[in-house]
Structure formats: structure tokens, C-alpha cells
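K.L.:
So you can see what is in the structure, the chains are spelled out below.
There are 2 protein chains.
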Amino acid sequence: MKTIYYPEKNNWDTLCIRPEIDKTNLEEAVKDIIDRVRSEKDKAIRYFSDKFDRVIPCNLKVSQNEIMESIGLVPEELKKAINTARTNIENFHSSQLITEPVIETTEGVKCWRKNVPIEKVGLYIPGGSAPLFSTVLMLGIPAKLAGCKEIILCTPPGKDGKVSPLILYTAQLIGLTEIFKVGGTQAIAAMAYGTESIPKVYKIFGPGNQYVTKAKELVQRDGISIDMPAGPSEVLIIADESANPEFVAADLLSQAEHGPDSQVIMLTDNQALIEKVKKEIEKQIELLPRKEIALKALDNSLQILLTSLDECVRFSNIYAPEHLIINSSYAPLLSGKIINAGSVFLGNFSCESAGDYATGTNHTLPTNGFAKSYSGVSTDSFLKKISFQEVNQEGIKNLGPTIELLAEAESLNGHKNAVSLRLKNLRDV
Amino acid sequence: MKTIYYPEKNNWDTLCIRPEIDKTNLEEAVKDIIDRVRSEKDKAIRYFSDKFDRVIPCNLKVSQNEIMESIGLVPEELKKAINTARTNIENFHSSQLITEPVIETTEGVKCWRKNVPIEKVGLYIPGGSAPLFSTVLMLGIPAKLAGCKEIILCTPPGKDGKVSPLILYTAQLIGLTEIFKVGGTQAIAAMAYGTESIPKVYKIFGPGNQYVTKAKELVQRDGISIDMPAGPSEVLIIADESANPEFVAADLLSQAEHGPDSQVIMLTDNQALIEKVKKEIEKQIELLPRKEIALKALDNSLQILLTSLDECVRFSNIYAPEHLIINSSYAPLLSGKIINAGSVFLGNFSCESAGDYATGTNHTLPTNGFAKSYSGVSTDSFLKKISFQEVNQEGIKNLGPTIELLAEAESLNGHKNAVSLRLKNLRDV
Chain A
0 MKTIYYPEKN NWDTLCIRPE IDKTNLEEAV KDIIDRVRSE KDKAIRYFSD
50 KFDRVIPCNL KVSQNEIMES IGLVPEELKK AINTARTNIE NFHSSQLITE
100 PVIETTEGVK CWRKNVPIEK VGLYIPGGSA PLFSTVLMLG IPAKLAGCKE
150 IILCTPPGKD GKVSPLILYT AQLIGLTEIF KVGGTQAIAA MAYGTESIPK
200 VYKIFGPGNQ YVTKAKELVQ RDGISIDMPA GPSEVLIIAD ESANPEFVAA
250 DLLSQAEHGP DSQVIMLTDN QALIEKVKKE IEKQIELLPR KEIALKALDN
300 SLQILLTSLD ECVRFSNIYA PEHLIINSSY APLLSGKIIN AGSVFLGNFS
350 CESAGDYATG TNHTLPTNGF AKSYSGVSTD SFLKKISFQE VNQEGIKNLG
400 PTIELLAEAE SLNGHKNAVS LRLKNLRDV
Chain B
0 MKTIYYPEKN NWDTLCIRPE IDKTNLEEAV KDIIDRVRSE KDKAIRYFSD
50 KFDRVIPCNL KVSQNEIMES IGLVPEELKK AINTARTNIE NFHSSQLITE
100 PVIETTEGVK CWRKNVPIEK VGLYIPGGSA PLFSTVLMLG IPAKLAGCKE
150 IILCTPPGKD GKVSPLILYT AQLIGLTEIF KVGGTQAIAA MAYGTESIPK
200 VYKIFGPGNQ YVTKAKELVQ RDGISIDMPA GPSEVLIIAD ESANPEFVAA
250 DLLSQAEHGP DSQVIMLTDN QALIEKVKKE IEKQIELLPR KEIALKALDN
300 SLQILLTSLD ECVRFSNIYA PEHLIINSSY APLLSGKIIN AGSVFLGNFS
350 CESAGDYATG TNHTLPTNGF AKSYSGVSTD SFLKKISFQE VNQEGIKNLG
400 PTIELLAEAE SLNGHKNAVS LRLKNLRDV
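Residue numbers (numbering that gives the first Met the number 0), protein chains in the order written: chain A, 0 to 428; chain B, 0 to 428.
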């Protein structure tokens, strides 16, 4: 970790730029895969599964048998833990389902919005070193709460052609049964355009590597909606002398172990804490199975000393972190000043991993500074709000003359006429 | 308008495809302009304003004087009408600002979301044949209600180098004063990357022609957020024998006059209505100043006879119209079955132009079938919802063991360790 003392304010923007990722030829490579899946469908899926994942599943769809088998393969203790997380996520995400009032804006003119689920959604769960069943909960639960009719899940199979029982168990627990063994760009293309086995959806959710991210960006150009643009995961911790350096180090490391391109930032107004945390990191990192990954991520990472906690908050708002931990006894006060962040963790005992798994908040969050304009995934992400209006005879009498004037001023006489004819009709009656 | 009687169900998808627009070379042309604005900033803006709008404004920013002058140039009657629309839009859009509850998901674990305005937003108001001051209300009011700090507005000046007083009057009325004389692709590029005169924003809103739409798509790849993808405006009307054919014709024409690429669709279960509406269109179109535009739009348009109102709703859900008028005495009943639409108008007296201007709902809506996954612009569009969590000692004791198990099952031992250290700390105390 690089340490920076009192950086000049006009350098803050530069310090907030994320480490660059080499994307040479990325778009071209991804576009080729998408085009081929679009035209050759399942055949292309099998080709790319063989090429990239070294496996050609007999059936792309996970069978009911495979799903049932998974139930026996998950230890009871873990089942209980998954269920606790599920309950918290359900409780928090169902609180987001709010019915808005009907507003009578003018006598006889009623307006309202109605939550309507997106009919068909696709969830992507990456493969890789570990089965991310927690992401199944984070995407599947709000999709179910929203009431989406068709929810499909794509995830790459292991070399044995099977999907992890943890993913299957978690999926069936929350009622997802349309599961397909396909990963990477080919999974995104399949959900965007449909194949013989995999149905087309209207919106695609879920994390992934830079290929998946680029694929989501490309299919978006064809009108397929996506949850949000993505980049490597990151945490920013604001800590002061009240913070336990052991905890701060552990939180930095828990983010650093995500991937070599992760970035972790520590801001403080307390110079002594920088050294204490550094020592703790050196100690704790030795015990991590993913030490090598964490070390690489720390290479991209910063400890920054600033003059005050207020400065820390200002810096954090420029950085717009995916995860923000405020490890300070002033956390409640400081949290009111946060304007750009994905998810915020307040105080010494609110570690990021709590939110990653089980507090109830969502862990699919805007990275790469996108927190300046995007929210994390929530039940809202699986809904549209359709607006309705009902104008009765009284309403058109009251509001009609206003509309006529406005339409005429915009030279839209057809718009005016639609009102004038109705007003005339009411006068003639 | 083409008339189709009882189309086969397997043809419905094809009938719902929007008329194709020639986009040859569009991306390249737009990309060139964006790149040039990015590197040459104001100089490029002036160059393209001269090239496309045949005008080089002395100052890109509208002066306080110009704004003040506009107030004297708008007739009092029109001012009143604008104010009525403003009040309705404010009332409806402020009802969307809902504070969500704090949820204690586990004893000692509190989660909540907070509405935080997007700090910097840019509104684009197109030029063309008429000053679209109504769009200033539709974008500016929710931006103000959300509490966005920096709201800028870009709109192309006329050949006299001035912005319409109607736009300036409306903007100042709702508190917008950062107004820039720039249109088209160059306006979108300026807001996305910033120039000497025009500040960079985080999210760009507003309608425009295919150049503006493509520019918004392209800057989105650099992480600038946009309101939604766009296409030509459209209406679908479901009408039965209870509908007044005069009104149906007027509503179809009010959409057709928008642009030659607009599409209007009428669905009915009543064959006689098709002829009646056709005759009314022929009569009413003669009186429209924008007759030629409307005629071209009608060339793309359809009247379709189906066997029942339920079939009409099913077809409409496949089409996913921007505007849906249900002109039937069964409108309230049918409205419950609508799953894909931008804004819905119920009954004989709810004309689209009412919602375009003054009912209070927003008129910036998803076109081109995007209503399957997008909502129209609302106060939400100018906000992020940041999630917060506060886990106290009690909370980590209750939830910690669950998190440890879940993190371990995902092979993320650093995540586990952040919890274990805290639990150990509490045991040691």
C-alpha cells in the first residue's frame, strides 16, 4: 500500500482515478462471441463452453434431479446460515415495495404510478474459484419479491459439467428452477437474444469479469437493459483514533482478497493509525489462503492522511466508493454528509463482510465511481413504475384550456385539437 | 394507415417491430463530433454550432439579462397555463419522494436506504420547429425536487443566436439559471466531458433526434449515466364501441404530428370503429398545420382488428407502447392487465396531450419497446438510494457466526476473519 500524507486538494481527482485495466481487443473479442451466439445459438454455446470452460454439458439446462440432489449435499449448519441471510435480505428488500398514493392534481384529474415487475429477467452468477451462492440470494430474492414471472439463472459449470450444489441449493430455496450451465460472454449473449435452450430476457443482472461486463455493455446497445455498468470491487475506509486497527486491517484485506484488480483505500486524520494498520495487515495477510491475490490488490491501494474527518468525507465523495466503512465514533454524524457511495457501514462492528452476506442490504453495488449516479441493486431494479392518469369530464373542463394554450405555444395543433374536440363535445351535450 | 383484420398470433411479434430508421454512418459521424468536443472543447462547440445550426453565439452561456428579458416576452395567459402545469407536475412528482423505514433485520443490525440527489445533472431540450418548454418542466421540476445541486440546461439557439423566451421563462420559473446555447451531439459531448464554458455532469436527460440519442448511447460507455435509450415517439390506442371515433382520431393525429418517424397504432374489437376513425382522420388532418408530417407518420401506422379487448391488451403488452390510451368503458378493469407501457391514459376524456403537458405525470417515457424494462423519468431518476447499515456489538454477536459460515463456504477467509476478530475482541473484553 502506498502512503500519502496530506495530498494537495488539486491532486484529489487524480488520486481517485481507478487503476487502469488493459482492455486491448476486448470489445472485438466479445463482439465476435456475441455475434456467433446470436446466429448459431446453442451450437455456439457448446463451442465456447468447450473452448473457455473445457466442458460440454450434455444438457444446458440443469435437471430437476440435479437440483434435488443438491439438497442432500449441503451441510445442515450451512443451510441454517443461508436461511438466516435469506430472511434478512427478504425483510429488507420487501420494505422497498412501497405503494405510492393516487394524487388528484386537479379536480377530475387523477395520477398514480404502479409497480409492475419486469416480466423476464436473467441472473448471471460467475464461476471461478468459489461458488458465489450469496449472489444468488442478492439477485434472486428481489426478483422474486418484485414478482418477475420468468427468472432464469446462468452460471458456468465446473470441469465435471456440474453446477455447485451450493448454487443449486440456494436457487431452489428461493424458488429459482430455470438454471443453465453456461458462463461468460456466451451466457450474456444467450440471455440477450435467446437460443433453443435458453430464453431471451429483458434485463440482465449480475457481476462478472471484464468479458461479462463488456458483453453486458454491448447487448445494452440492442435495448437489453442491464443492472449497472461494472468494474473491480473496492472499499474505502474512513478511520480515526477510535478505530480498532485490527478491524481496519481485516476489512481492507477482506476486500483485497476479492481479486488482484480490487482497490482498497484507507483515509484517516490520525497518523499513528496508518502505521498500526500497516503492521496489522502484514500480520493478518500471512494467514490468508488468498494471500497472493490480496498482495496484488494492495499494490493498487492507498493509505491517505488528511487534516480532518470532514476532509476524509469530502475525499470519499469524490472517490464515490462501492463500499464505504466509517470506522469512527462520529460515524452517525459523518454519514449525513455522504453523497456518493454504494453501501455504507457505520462504526467499529459494521464490517463489509456483514453486508456482503447477511445484514439484509444488497451486495450488487456501483463500482468505479458509478455511485455518483447509480444505486445498487434493489427490489426497484426488477420493477418498472408505470404511470397512469384518469381525466374525467370535470377534469378536462378544468385542465383543458390550459392544455390548449400550452400545445398551441409549442405549435402542436393536433395536441390542442384532441382537447378542443372533447371540450366542444361537452358543451354540445 | 394500414388495416389488418385478425392477424395470426404468431405474426404479432413481427407487427410490433418498429419501423426501421436508416442509421448508416450514424455512429461514426457522432463519434467524430464527440472526440472533437472532448479535445477542443469550446472551440469545437463553436465550430459545430456554425456548421449545423448556422450560428455562432458570442457567449455559450445565456446571460442573466437574456433570462430577465424573457419574462416580459411571455403573454400573461400563457404564464398562467405554464404555472398550472408546473403545480400539477410538482404535486405528482413530490409524491414520489418517499422516505423508507429503518429495518432491524437482526437484533443489533439496522439497515436503511437514503435518497441522495445526483449532484450534477444535465438537461437537453431540443430545438427544431417549436420551443419545447414543456420538457423544461418535465425534467427541471423532478431535478429540483430531488435536490440536485448543479442542474445545467443545453438547448440550441435560433439563427438569431437567441434561445426562445418560452424556454428561458420556464427555466427561470423553476429555478434553472445555468443555460447554454448548444444543441445536438456537441451539447451531449459537452455535458459528458466538460468544456471551458460548460460543466461536466454525471447524468444526462432529455429527448432528441437520432444524433442526440446516439451521442447519449456513446457517452454512456464512458460511465456517464443517461435517462434511458430512446426512439421515435408512439401511441397505442385500445378502443371499443364505447369510444368516440372523433376523439380516437384526434389522439392518433396528435401523436402522428410529432414527427414523420412517429408510429400510431389503434387496436379494437369493433370493426365499425375502424372505418369511423379512418373517416375522422381524413377530416381532421386537413386542418393540421403539421399535416405533411402526420401523413408520413400514418404511413408507418396500423389499425388492427382483434377478437376481444383481452386480445388487445395482450397485443399491447407485446408492443410495449410509450403512450397507451385505453378508450373503453372497461378501462379501469383492463388497466390491471397492463404489464408493459410507459404512461397509460384511461377513458374517453384522458387524451395523451393532457399527460404531455399538464396532468402531472412525466412525458419523458420509454419508446421502442423499452417499456418492457424501463420506467419513465420521475423524481427517482435524479436520485440514488444509498444503503446504510449499522451493526452494533449485539448485532455482530447475533449475526457473526452466520457470516463466518457463509464466507468460509465461498472460500473468502479474509471476509470471515473480519468477523472472527470482532467476535474474539468481544469475548476478550
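The hints are simulated quantities; they were obtained by calculation from the structure and are not laboratory data.
Hints are supplied without guarantee of correctness; some may be wrong.
Copies of the same chain look alike in the list, so a pair counts if it fits in one copy or across any two.
Each computed DSSO-like pair below joins lysine-lysine, with the alpha-carbon atoms no more than 30 Å apart [to be verified]:
#1 K79 - K8
#2 K384 - K148
#3 K143 - K384
#4 K60 - K282
K.L.:
Of the hints given before, which are not true for this structure?
P.N.:
The structure conflicts with hints 1 and 4, although it agrees with all the remaining ones.
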